[in-house]
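Residue numbers (numbering that gives the first Met the number 0), protein chains in the order written: chain X, 0 to 540; chain H, 0 to 321.
Bear in mind the hints are in silico, worked out from the structure with no lab data behind them.
All C-beta atoms in this analysis are idealised placements derived from N, C-alpha and C, irrespective of residue type, glycine included.
Wrong hints could be hidden among the right ones.
Stated by the list, open to error - What the simulated footprint calls covered on chain X by chain H, stretch by stretch (three residues with Cβ under 8 angstroms from a Cβ of chain H suffice, anywhere in the stretch; the number is not a length):
{"hint": "1", "region": "303 to 317"}
{"hint": "2", "region": "384 to 392"}
Said to hold, decoys possible - In silico negatives: residues of chain H with every beta carbon more than 10 angstroms from chain X:
{"hint": "3", "residue": "GLU66"}
{"hint": "4", "residue": "SER93"}
{"hint": "5", "residue": "GLU167"}
{"hint": "6", "residue": "LEU256"}
{"hint": "7", "residue": "SER263"}
{"hint": "8", "residue": "GLU266"}
{"hint": "9", "residue": "ALA268"}
{"hint": "10", "residue": "ARG288"}
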Amino acid sequence: MISGVTTLFNWTLKMDSKSVYPHIVRAGFAGAMLFAISMSFTDVFGTGSMGLRFFELVCTLNVLIITVSGISYFVTAVTEEKDAGTYALLRLAGMNSLSITLGKSTSRLVSSLMLLVIQMPFTFLSITLGGVLWNQIVAAYLALAAWMILVANLALFCSVRCATSGRAAGLAATTIGFFVFLPRISSAFLGAIPPGVLSTGTIAFLGSIPAVCSKISVFDRLAEILGLTSGFTILGIDFSTGLTTISTASIKGEVLIVAGQFWSSLLTALVLFVISTVTLDFWSAPADTAGPSENKSVRRWSVGRCWNLSVAWKEFLFFTGGRTFAIAKFLAGGLVFAGFRMFQEMDGYSNGLALRGDYSWWAFLTFMMTLTAEVLLYSSGCLFDEVRQQTQSTLATVPISSVRILVEKFAGCAIALIPAIVWIFITLILSDGTIVRNCSATMVSSYLIMLGFASHLAALLSLYTRWAALPLTILLATPAFFCMAAPILGLTAVTSVFARSHNIEVTLLLSSIINVFWTWMFVLLPLQIWIRDRWIALSQQ
Amino acid sequence: MSTITRDTVPAISVTNLSHAFKGHQALSQVTFCVMPQTLHGFVGPNGAGKTTTLKAICTLLKPNWGEVQVFGHSVRNDSVAVRRRIGFMPDHFSMYRQMTVFEYLDFFAAAYGLPVRQRDTVIHDVLTLTDMEGRRDDLISGLSRGMQQRVSLARVLVHDPDLLLLDEPASGLDPRARIELMEILRELRRMGKTVFISSHILSELAELCDSVTIIDRGQIKFSGPMDILLESPDERPLYNLKLATISETAMQRIKELPGVETVSEPEFATGRDYNIQLAPATSANEFLRQLLTLDLSITSFSQQRRHLNQAFMDLTTRGVRT
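Next up, chain X with everything else stripped away, as it sits in the complex:
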């Protein structure tokens, strides 16, 4: 068994060193460091504890990169063998389940842990900058390492459980998302339910969820280590469970180097590893078992005739789910709206159909998040779906230009967004004005710019990577937001000065048009050209 493990370990290390993706992850880590240093440099005159700010940023980016790696890099450990149909060959070579799980997962974990280790000397710079002590740095890196081990083993479990890399990535993303948001959801649910509706046992169970999650939450632990009374935030969103214990000692930097989060993460990771090893055989059927069949495989409903815009029809009906799914989404939106309306009623506010205050704001945010998720999912999948099914060459021989194919694909996906957009407008119309008060013009234009950029980036990345387009987009779009904001605002300022010098009044509409134009010209258009060229290149392969 030992020789099997070492062979697989060495081979995986070699393959990883030849593959592009691990180098992208490493470049991501290096970029994160550079980004953190540059951000801290901009803060040099604005804060008294620059070292803490720098280190907090390093930790934030590390958490982000580790989480994204879990969804994209670690998750293919076993599924890449299943996808390539080589899993059976490994078994024929005499490798047992333990050899495979150990050999395939540990090499990636070790190379990723090494990235954390080599960061450490650079982050000791934050001690010199002030605001953080060496024991805080060591404790934070141990917390991050434990989080990485947990995420890697969760990804391994998903990789064992699922037949393809895509499904495994989906399961890993859902599980991590569920873990991160579960404490908030359970607390919000408990807060919203009137007394007497739920049994004492259920209330106790729901009440214990945040405490359990807090024990293995890297966000809580980092907030504790860094003495962050505001909680651990990424892009302004607090991911802590709300049960972080910030003592005077932790604010002073006197923290335990190894705490409960480290041990509980390792224990959970070990349990996941054991389950993965034990269930490997059971879940390792070939990826594509839908072979030749004499039995008729039919669909019971018709999708209707193909439109004249055939590619848009195909995208809408077969990629986004079609009319049935669109109606289901619309009805689900109605249920969400009715749910917020019901909670408002329970709170004692009856205002006809309208939502007021926080209820309208949270309903609006829910629909906006749904729209964002849909846009990112569609943009990362619509081109990749053709690559996966090897249909680009067939599509390229029809007498439709590549640009029109891409535009029709966009149109097909845009139709599927209608339910979410409709509910955003309904919420806006039926709101008491809170949404309009909370949304500044800058916020709206920033959101639209970022959505446009992220969707283009996801589409482009999906033509290069197999399943990692979406997590990579999130990873790249985060720092890109800071990089793009300044030039766009700068260009807008230049335009404003130019307009004023020619006695042109810069209205909100005009400035919005200018912003959109600059964004399209300097950000989206180059991406669009890149997507088209890559699409054509793939069609030729």
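Could you slot chain H onto chain X? The hints should help.
Here is chain H on its own, set in the frame of chain X:
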């Protein structure tokens, strides 16, 4: 000024086609021509440049050098017109597995701009031709490999192209599906289509094709009618004689006929088969007339032809291209 009619314009005309990928010369001065309403085979070892040539013809690839024309339209400058007249079937399954057979064909018919009413007729016709009418509402994911290949062929035919470009259409098919596919291709030729078929199955190509092009290491080794390729490479033809019964004196008696140079038995002799080489001045007719006077019970008399396998081996180079 000369008038060019449709039949005088080649279906495919490839002139001095060259293409390189990252320093690797995939095609070098490839020149050949395919006449309309013929079944043309395109053969070569793995990595010879078959798929690259096919991609250049079907507008997927812009070659570095040379000219490709399809029915007189330049692939480089008039790709939309070329696409309307060709149907390309790649060497891999390129299908939307979540669609039914009808939806798949309807999608491509719409992509080629056919109106709804015409689509119904066309889809019915192509499904009948490929014998898939009974499975029109089946999901593609549930079809066997042979059936998926038929659906691919039906897809290629929905816009009634004049030229079909088929890249390894029989690969991975069982013998029955292969024979049935060849029957469909014969039927398409009878319907007036030009079929350009790249394949490794030489025996089937020899039976099926009117003409053939052999490519090796990016260069054309032969292009022309199949008959010419299969003729014996010797200047003087060799004839095969087959008798119904074994005759001990037959060989000696044939040797004594005027104009006969040599008579030999083939490698695996049965006592009834003979290879006959005639003198340069002797015609086959004259020899046959004299042969009948010997009163032997003759079953067959034919000119010996090379097998396509042999021609292929003679023209191509051993080993893998590096």
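Against chain X, does ALA268 of chain H keep a CB gap of more than 10 angstroms to every residue?
holds (45 angstroms)
Cβ separation check - LEU256 of chain H to all of chain X, threshold 10 angstroms
holds (58 angstroms)
Residues of the region 384 to 392 of chain X with Cβ under 8 angstroms from chain H, three needed, outcome
This one holds; 4 residues, not fewer than the three required, reach chain H with a Cβ under 8 angstroms.
Distal placement of GLU266 of chain H relative to chain X, Cβ over 10 angstroms:
Per Cβ check, GLU266 of chain H is outside 10 angstroms of chain X; nearest 41 angstroms; holds.
Would GLU167 of chain H pass as off the interface with chain X, using Cβ distances and a cut of 10 angstroms?
The claim holds: GLU167 of chain H sits with its nearest Cβ about 14 angstroms from chain X, beyond 10 angstroms.
Regarding the assertion that SER263 of chain H does not contact chain X, is the least Cβ-Cβ distance greater than 10 angstroms?
Holds: least Cβ distance 49 angstroms, greater than 10 angstroms.
Regarding the assertion that ARG288 of chain H does not contact chain X, is the least Cβ-Cβ distance greater than 10 angstroms?
Given that every Cβ of chain X is farther than 10 angstroms from that of ARG288 of chain H, nearest at about 56 angstroms, it holds.
Decide, holds or violated, for the assertion that all CB atoms of chain X are farther than 10 angstroms from the CB of SER93 of chain H.
violated (4 angstroms)
Is the nearest CB of chain X more than 10 angstroms from the CB of GLU66 of chain H?
Holds: least Cβ distance 19 angstroms, greater than 10 angstroms.
Please verify the coverage claim for the region 303 to 317 of chain X: does it have three or more residues whose C-beta sits within 8 angstroms of some C-beta in chain H?
As far as the region 303 to 317 of chain X goes, the hint holds, because 9 residues have Cβ atoms under 8 angstroms from chain H.
Checked against the numbered hints given earlier, the structure breaks only hint 4 and satisfies all the rest.
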